[in-house]
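Based on the sequences and whatever the hints tell you, model everything.
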Amino acid sequence: MREIKILSPTGHLGFTPLEKGSFFTGVEKEPDYIVADSGSADIGPYYLGADKPCSPEMWQRHDLELILKASRELDIPMIIGSASDTGTNRGVDQYVRIIKEIAKENNLHFNLAYIYSQQDKDKVKQALNEVRIEGLDGFDDLTPDVVDKTDTIVAVMGTDPIIEALDDGADVIIAGRSSDSSIFAAPLIREGMSKATAYYAGKVLECASFCAEPFMGKESVMGYIQEGEVVVEPMHPKQRCTVASVASHSMYERIDPYYERVPGGILDMSECVYEQLDSRRTRITGFKFKEEELKIKLEGAGKVGERCLSIVGFRDPYLIQHIDGVIEWSKRKVKERFPDKSYQLYYHLYGINGVMRDLEPIKNPSPHEICLIVECVAETVEKAEEITALAARNTFYARLPEVKGTAGTAALMSDEVLLAKPAYEWTINHAMPVDDPFELFEIHLAEI
Amino acid sequence: MEVRKLVELASTIRSKNAGVNNITFDIIFSNPENYRLVKKSGVLNKSTVAKLFDISEDRIVSFVEFDPANAIKFTIRRGKPSGSPGESDVFGSQQYAPLLDIKVPI
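Top to bottom, those sequences are chains A and B.
For the first sequence, position 45 (counting from the first letter as 1) is numbered 46 according to the numbering used here, and the numbering increases by one without interruption.
For the second sequence, position 23 (counting from the first letter as 1) is numbered 402 according to the numbering used here, and the numbering increases by one without interruption.
Because the hints were derived from the structure by calculation, they are not lab data.
One thing to keep in mind: the hints can contain errors.
Dumping the calculated DSSO-like pairs for lysine-lysine here, alpha-carbon to alpha-carbon at most 30 Å [what the hints assert, rightly or not]:
{"hint": "1", "chain 1": "B", "residue 1": "K419", "chain 2": "A", "residue 2": "K296"}
{"hint": "2", "chain 1": "A", "residue 1": "K150", "chain 2": "B", "residue 2": "K395"}
{"hint": "3", "chain 1": "A", "residue 1": "K332", "chain 2": "B", "residue 2": "K459"}
{"hint": "4", "chain 1": "A", "residue 1": "K289", "chain 2": "B", "residue 2": "K395"}
{"hint": "5", "chain 1": "B", "residue 1": "K459", "chain 2": "A", "residue 2": "K422"}
{"hint": "6", "chain 1": "B", "residue 1": "K418", "chain 2": "B", "residue 2": "K430"}
{"hint": "7", "chain 1": "A", "residue 1": "K124", "chain 2": "B", "residue 2": "K459"}
{"hint": "8", "chain 1": "A", "residue 1": "K296", "chain 2": "A", "residue 2": "K122"}
{"hint": "9", "chain 1": "B", "residue 1": "K430", "chain 2": "A", "residue 2": "K342"}
{"hint": "10", "chain 1": "A", "residue 1": "K422", "chain 2": "A", "residue 2": "K332"}
{"hint": "11", "chain 1": "A", "residue 1": "K122", "chain 2": "B", "residue 2": "K459"}
{"hint": "12", "chain 1": "A", "residue 1": "K296", "chain 2": "B", "residue 2": "K459"}
{"hint": "13", "chain 1": "A", "residue 1": "K289", "chain 2": "B", "residue 2": "K418"}
{"hint": "14", "chain 1": "B", "residue 1": "K459", "chain 2": "A", "residue 2": "K126"}
{"hint": "15", "chain 1": "B", "residue 1": "K395", "chain 2": "A", "residue 2": "K196"}
{"hint": "16", "chain 1": "B", "residue 1": "K459", "chain 2": "A", "residue 2": "K150"}
{"hint": "17", "chain 1": "B", "residue 1": "K430", "chain 2": "A", "residue 2": "K422"}
{"hint": "18", "chain 1": "A", "residue 1": "K6", "chain 2": "A", "residue 2": "K364"}
{"hint": "19", "chain 1": "A", "residue 1": "K53", "chain 2": "A", "residue 2": "K101"}
{"hint": "20", "chain 1": "B", "residue 1": "K418", "chain 2": "A", "residue 2": "K364"}
{"hint": "21", "chain 1": "A", "residue 1": "K384", "chain 2": "B", "residue 2": "K459"}
{"hint": "22", "chain 1": "A", "residue 1": "K21", "chain 2": "B", "residue 2": "K395"}
{"hint": "23", "chain 1": "A", "residue 1": "K304", "chain 2": "A", "residue 2": "K334"}
{"hint": "24", "chain 1": "A", "residue 1": "K53", "chain 2": "A", "residue 2": "K124"}
Structure, rendered in structure tokens:
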């Protein structure tokens, strides 16, 4: 079996433009595939729920254009996963449009495959009559009412739909929501590699330069893959893939550094052996794979309500010492006017526990100033706006016995309420058993 | 007994989302001696972490000593999923600060 070279130019295509220098260094080494993930759940529930991109199209186009031109020049496949941050049908359609525009401008011709992974709510509810959709990471098992509270659902595809698209002769693949490591593993499995080798390569390459040191984002790395071994090399001349950087990357953003669950099995890295080949390359061997029943992860987000914010500051040490009393007064005044519980109101106290909230171990801080951000979520913009104004202004009118500043007990940054984007929450973070690896995905082919 | 702070012994101390409902903490040592020292000291385990963040132990969903990277890693379940109304750290990237000052007996 031949050695396969995969170039990974960015860990999140479009999030910040990729760096050209190391990308072209990689292209010169003639990879067999260029693969990049373009999505993440890290950006929070808003973008999936509202079905919006979180990256500017100019940056997405920048990255897609570089990769498309290079892959056509080398005549190798390019695979993009989780199109446009969320991998919804909107994201896939947007990337297909961009790809077609770039192709037209540059007179490029190729076979395009695009794969939808968005799910219909009614179909998910129907599935609940037949199977248990298991909650992950502390979520309860899925119920129809949770599906009703959800605006957008995507299924996270594994390798099968991508392999199918490659079998169909695709040169360019734009995939909806995909498992990061699967988009790298798919071409390797198709080339005849074991799942252990393929998924490990995916795992180490998915975040591009994050597996190298010193820390640099958006630089390309190359994986050299043979059955049973993966070698990684950074394409930026000042980066190094060391045993430490590669091993510590296997911990990044994951609960367990030894085991990684992927669609249809578990990648076992507990006996991985890391060897420094030279100052810039590390070889990894010893990974294993255990097959499991195929379960596909579903992600969903739903709208909670309209959201407003207001920014307030405090500088008087007496007020800072008695900030609980100030907040108490504000809450009381809001409750008097809105005795129902049909809204959510939060006081983010920067300087006290604004960053860590309930995890903050420092219980008696003594800052010289405090920033309060009032956040209200309610069913209408008008109501959210009114409650936010009421809560913020009443920190200005707080009644405390010994306050000297009787002209106002707060500094309102400006006496206005900021209209924020609507509030969404993660509603679905679940695993659904499937018999057919294609049943949640829809592959389309087009000649460009 | 001589003590050093964790920040003086570790090369990386970080926190980040691991999925939408967990925050994972990595403490990585470039010096294996320091790693072994901290591991042996007993200052970092499920119960000391729970005490430090003032949470019940069942919110710590995993605690691993990861020898290949000379690292200690643990994961805390979030109070609410990332980005929910009232949440304050959508990436979970600023939750590691209390670890810096942990006192390690030498």
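The hints, checked one at a time:
About 40 Å separates the Cα atoms of K419 (chain B) and K296 (chain A), which puts this hinted pair outside 30 Å; it is violated. Distance restraint check for K150 (chain A) and K395 (chain B): the Cα-Cα separation of roughly 27 Å lies within the 30 Å cut-off, and the hinted pair is therefore satisfied. A hinted pair counts as satisfied when its Cα atoms are at most 30 Å apart, and K332 (chain A) with K459 (chain B) qualifies at roughly 22 Å. For the given pair, K289 (chain A) sits about 26 Å from K395 (chain B) by alpha-carbon distance, which is consistent with the 30 Å threshold.
Of the pairs offered as hints, the one joining K459 (chain B) and K422 (chain A) holds, with about 19 Å between alpha carbons and a cut-off of 30 Å not exceeded. For the hint pairing K418 (chain B) with K430 (chain B), the CA-to-CA distance comes to about 18 Å; that is within 30 Å, so the pair holds. The suggested pairing of K124 (chain A) with K459 (chain B) holds, with an alpha-carbon distance near 27 Å, which does not exceed 30 Å. A threshold of 30 Å between alpha carbons decides the hint, and for K296 (chain A) with K122 (chain A) the separation of about 18 Å falls inside it, so the pair holds.
For the hint linking K430 (chain B) to K342 (chain A), the alpha-carbon distance of about 33 Å lies beyond 30 Å, and the restraint is violated. For the proposed pair K422 (chain A) and K332 (chain A), the alpha carbon gap of about 23 Å is at most 30 Å, so the pair holds. With a C-alpha separation of about 23 Å, the suggested pair K122 (chain A) and K459 (chain B) falls inside the 30 Å cut-off, and the hint holds. Taking the CA atoms of K296 (chain A) and K459 (chain B), the gap is about 25 Å. The hint holds against a cut of 30 Å.
As the CA atoms of K289 (chain A) and K418 (chain B) are separated by approximately 27 Å, the hinted pair is consistent with the 30 Å bound. At roughly 24 Å between alpha-carbon atoms, K459 (chain B) and K126 (chain A) fall within 30 Å of each other, so this suggested pair holds. The hinted pair formed by K395 (chain B) and K196 (chain A) meets the criterion: a straight-line CA distance of about 28 Å does not exceed 30 Å. Note on K459 (chain B) and K150 (chain A): the hinted pairing holds, with a Cα-Cα distance of about 16 Å set against a maximum of 30 Å.
For the suggested pair K430 (chain B) and K422 (chain A), the alpha carbons sit about 36 Å apart, so the restraint of at most 30 Å is broken. For the proposed pair K6 (chain A) and K364 (chain A), the alpha carbon gap of about 53 Å is over 30 Å, so the pair is violated. For the hint pairing K53 (chain A) with K101 (chain A), the CA-to-CA distance comes to about 21 Å; that is within 30 Å, so the pair holds. In summary, the hint linking K418 (chain B) to K364 (chain A) is supported, as the alpha carbons are separated by about 28 Å, within the 30 Å threshold.
Of the supplied pair hints, the one linking K384 (chain A) and K459 (chain B) holds, its CA atoms being roughly 24 Å apart against a limit of 30 Å. For the given pair, K21 (chain A) sits about 27 Å from K395 (chain B) by alpha-carbon distance, which is consistent with the 30 Å threshold. Taking the CA atoms of K304 (chain A) and K334 (chain A), the gap is near 27 Å; set against the 30 Å cutoff, the hint holds. Simply put, K53 (chain A) and K124 (chain A) have alpha-carbon atoms about 23 Å apart, close enough for the 30 Å limit, and the pair holds.
Violation of the numbered hints given earlier is confined to hints 1, 9, 17, 18; the remaining hints are satisfied by the structure.
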